[in-house]
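Engineer: Take these sequences, add in the hints, and give me the full structure.
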Amino acid sequence: MSGESSMSEQPVEAAGTDEVVLRLSGVVKTFPGVRALDGVELEVRAGEVHCLLGQNGAGKSTLIKVLAGVHRPDEGDVQWLGEQVAFSGPQAAMKAGIATIYQELDLVDYLSVAENIYLGHEPRSLGFVHKGQAARQSRELLGRLGHGEIPPHRLVKSLPAAGKQIVSMARALSHSAKLIIMDEPSAVLAHDEVGNLFRIIRELTAQGIAVVYISHRLEEIREIGDRVTVLKDGRTSAVNLPARTTPTRDLVSRMTGRSIEYVFPPRPDTEPGEKLLEVRGLGRSGEFTGVDLDVCSGEIVGIAGLVGSGRSELLETVFGARQAEAGTVVMDGRGLPPGNVAAAVRAGLGMAPEERKSQALLLGQPIYRNMTLTNFSSYATAGFTDTGKEQAEAMRVADQLELRPRDVRRAVRTLSGGNQQKVVVGRWLLGGTRLLLLDEPTRGVDVGARAELYQVIRDLAASGVGVLLVSSEVPEVLGLSDRVLVMREGRVVRTAPATELSEEDVLDLVMAGSLTAATTEEVAA
Amino acid sequence: MSVSSEQKVEQAVPGHAPHAAPAAGGTSWWKDEAQEPLRRNLGLVGVLLALFAIGAYIRPDLYSDADWVINNIMVILTQAAAIGVITVGMTFVIIGGGIDLSVGALIALSGVWATTLATQSFGPVGMIFTAVAVGIGAGLVNGALVAYGKLVPFIATLAMLVAARGLAAQISGKQTQISTDQIINGIATTRIGGIPLLVIILLVVAGLGWVLLNRTTFGRRTVAIGGNAEAARLAGINVRGHTMLLYALSGLCCGIAAIMLTSLATSSQAAAAELYELDAIAAAIIGGTLLSGGRGTIVGSLFGVIVFSAITNLFAIANLPTEVQNMVKGAIIVVAVLLQQVRFSSVTQFARRHGLTRAKPQT
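From first to last, the protein sequence lines stand for chains F and W. In short: position in the first sequence from 1, add 9, done, that's the numbering used here. In short: position in the second sequence from 1, add 114, done, that's the numbering used here.
Quick caveat, the hints were computed from the structure, so don't treat them as lab data. A few of these clues could be false.
[Said to hold, decoys possible] Listed below are several chain F residues computed to face chain W (Cβ distance under 7 Å; list not exhaustive):
1. Cys305
2. Asn349
3. Val350
4. Ala351
5. Val354
6. Gln368
7. Ala369
8. Leu371
9. Leu382
10. Ala389
11. Phe393
12. Thr394
For each residue, glycine too, the CB sits at the ideal point set by N, CA and C.
Structural biologist: Here you go:
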């Protein structure tokens with residue numbers, strides 16, 4: 010990599026000391042059906058920025074929760090400040106000096122900045138909170154973070170995302186944290202705010218505080234990180250790589266080639282049929298711009314991209330669940346009105362949204378009612394529902410999808426994740442949908458049921474349905490799709506047949522994009 | 115579908131929801147979640163029987179007279195009639211994920227509007243039409259505020275409560291308006307086959323409500339929207355339009371109840387039907403309607419109304435003060451909701467909820 014030369018003014022060993030604050034060895038955490046962590050090693054030194062890298066499902070989130078005291082490891086050692094510890098809960102970890110800043114910041118919107126910082130450990134005597142003292146100390150903490158201009162009495166709700174992040178960090182400091190874990194802190198920030206975040210991180214580490222930094226953006230890891238630990242399939246695949254000098258290819262290759270082999274159904278030899286969906290210049294400000302895409306009958310088109318790349322928003326906009334601000338969506342040669350789900354459904358579109366439980370299912374209702382949610386009116390006579398016919402039709406689809414259990418009168422709540430997803434897909438099957446939009450179809454679905462879902466999706470395509478699929482798992486997009494669109498920061502950066510792309514190519518495109526671009530420029534210069 | 119046998123084995127052992135009883139064959143009806151309404155209604159029948167037993171213990175002289183008992187049952191049902199009608203509408207609104215605080219005020223407004231001298235000049239049909247139209251119109255305003263104005267239902271209907279009482283006072287000039295129409299006044303005194311016409315109206319409204327909720331696409335949409343509005347929207351259901359209709363339905367019930375109350379009192383006033391909204395909500399809740407929406411039954415609500423009416427009746431017979439009566443009603447609401455929670459959160463569900471508070475799915 011020629012790009013390193015520009016960064017080599019900073020000596021690699023400058024940040025961080027030799028004092029190890031946290032050491033994990035052989036940490037295992039299992040959930041029913043999943044071995045989320047399977048022998049994780051991690052060593053964090055005081056005053057360093059230690060980056061955690063890994064694909065979705067590699068176990069990063071679980072590892073964070075183990076460190077934060079949310080989960081207790083089943084096996085393995087956690088050594089904190091030289092002592093073996095087992096935190097009884099998040100409060101215990103916080104007390105010990107480990108603070109976690111989650112992606113969804115856990116602040117109370119309608120409390121002030123100072124109240125949020127000292128939530129749960131307010132300075133008080135005889136049960137009365139010293140508001141003045143809390144405000145004074147908050148101002149001091151915010152000042153330490155270089156943001157003394159945030160008034161402690163301001164409501165957190167009125168702060169921008171970057172400001173909320175600062176408040177979260179001030180809260181961590183108020184607990185005199187010695188280790189701060191940041192889960193994709195840059196995901197909620199605009200580009201120029203990231204520089205500010207890095208400045209704060211440097212000040213924290215200069216005070217001897219260790220930072221565990223999780224990000225998908227390689228260029229950030231290059232800029233702020235000292236050492237990198239890579240996770241794959243819940244295992245540590247590389248420890249303590251130098252963050253600035255390890256070549257991108259090396260990092261990517263240690264994240265890819267997952268040992269869990271997904272069984273993808275074979276692609277058919279037949280050519281895709283006539284064009285169903287035509288999207289031109291679709292855009293929503295701050296989400297995605299200028300997206301063109303086509304889906305033909307019988308074709309599976311996959312969209313790869315990071316969280317925040319605009320892929321889910323794109324899918325929802327095509328479906329009309331979000332109102333398009335620019336561009337057109339044409340189905341069967343006829344334009345769809347923007348922001349009108351009912352019209353999209355009538356035109357033959359269907360969507361299985363990302364959050365199955367909150368966006369798609371009536372959990373307490375029977376399977377058949379969930380399946381006929383879009384088309385129960387079509388079985389009705391003069392407004393009177395025909396539950397017998399609905400059950401029979403749902404039964405037919407349940408057979409087709411090999412739903413378990415097969416009793417369609419059972420509440421959807423009692424089904425496993427994979428079978429719940431089948432109910433959602435089955436709903437659109439019953440509705441005669443010809444273009445199915447799938448957002449993270451295998452989230453929360455265990456490995457065995459995934460293969461079945463893949464087969465279901467492929468069978469649907471074989472029957473002439475067009476499928477547009479979004480997934481954060483690159484192997485899934487590549488294995489299942491005929492054609493792949495790669496999205497980064499709201500734009501489609503590559504469209505190619507799935508067979509022409511490798512996992513490394515796609516990861517390179519979604520993660521290292523700006524770094525590659527910068528490198529190319531420098532090479533050109 | 116080609117799925118390997120290991121995967122099938124994996125799936126055949128689902129490690130989830132051990133609390134759910136199998137729906138078919140050998141189901142214990144007291145455990146199956148789908149039978150919850152039946153259990154609740156049996157419980158409410160039990161409460162009614164208990165009230166009867168208490169009455170018989172306090173006043174054996176009255177309760178040994180079969181004619182008096184039958185007549186007393188009719189008194190209880192007649193007292194329940196108007197509130198029962200609005201509770202049917204309220205049940206729809208709550209199942210649909212909303213709440214309607216304006217029902218009492220809408221009864222007053224409909225009643226006052228239907229008994230102005232001008233309206234009375236159109237005769238009974240004109241009066242009934244006016245009451246129903248005013249109720250539906252005000253309900254549509256509620257619905258528009260909630261569905262299109264994006265107001266929280268509590269606030270939208272609270273505003274309607276205040277405004278409708280004000281308008282009713284304005285129209286009536288704060289006077290009690292006497293109804294001189296003999297047909298309207300006769301509704302309360304008419305009996306058909308020994309059953310008061312008011313009770314028949316209640317049973318007809320409840321019967322229509324039951325059919326509407328359980329047998330029509332309207333009812334299905336109501337349950338879907340209240341259960342998961344986002345899922346309903348993404349399934350292509352017109353959530354806003356349907357929400358409008360739900361509040362209009364509640365308004366329609368208020369119009370009907372206004373005529374019934376006018377007939378009972380042979381008059382209308384702006385202060386009529388005060389706090390009826392609370393009685394209707396309480397009845398729906400002890401009848402098993404979830405305040406968060408998506409679940410509830412007409413029969414349960416009907417029993418809820420009758421239980422309240424029977425308590426009032428029993429206290430009158432026993433000559434006990436209304437203060438105690440209200441305390442008992444309050445206690446019944448709490449007990450009913452507590453029972454509901456105990457049933458819903460079996461131990462496994464409780465554990466799961468607490469295990470899940472922080473453990474979001476991996477991303």
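Engineer: With 7 Å as the cut and Cβ atoms as the points, is Ala369/F at the interface with chain W?
Structural biologist: Holds - the Cβ of Ala369/F comes within 7 Å of chain W, reaching about 5 Å at its closest.
Engineer: Quick check on Cys305/F please, does its C-beta sit within 7 Å of some C-beta on chain W?
Structural biologist: Violated: closest Cβ of chain W sits about 23 Å from Cys305/F, beyond 7 Å.
Engineer: If you take the shortest Cβ to Cβ gap from Ala389/F to chain W, is it below 7 Å?
Structural biologist: holds (5 Å)
Engineer: Can Ala351/F be said to touch chain W, with a Cβ gap under 7 Å?
Structural biologist: With a closest approach of 5 Å, the Ala351/F hint holds.
Engineer: Hint check: is the beta carbon of Val350/F less than 7 Å from a beta carbon of chain W?
Structural biologist: holds (6 Å)
Engineer: Close enough to count: is the Cβ of Phe393/F nearer than 7 Å to one in chain W?
Structural biologist: holds (5 Å)
Engineer: Should the hint that Gln368/F touches chain W count as held when the rule is a Cβ pair under 7 Å?
Structural biologist: Because about 5 Å separates Gln368/F from the closest Cβ in chain W, which is inside the 7 Å limit, the hint holds.
Engineer: Answer holds if the nearest beta-carbon of chain W is closer than 7 Å to that of Asn349/F; otherwise answer violated.
Structural biologist: violated (10 Å)
Engineer: Hint check: is the beta carbon of Val354/F less than 7 Å from a beta carbon of chain W?
Structural biologist: holds (3 Å)
Engineer: Using 7 Å as the Cβ threshold, decide whether Leu371/F counts as touching chain W.
Structural biologist: Holds. Min distance 4 Å.
Engineer: Going by Cβ atoms only, is Leu382/F closer than 7 Å to chain W?
Structural biologist: This interface hint holds because 4 Å falls under the 7 Å limit.
Engineer: Under the criterion of a CB-CB separation shorter than 7 Å, is Thr394/F in contact with chain W as hinted?
Structural biologist: holds (6 Å)
Figure legend: structure checked against the earlier numbered hints; hints not met, in rising order: 1, 2.
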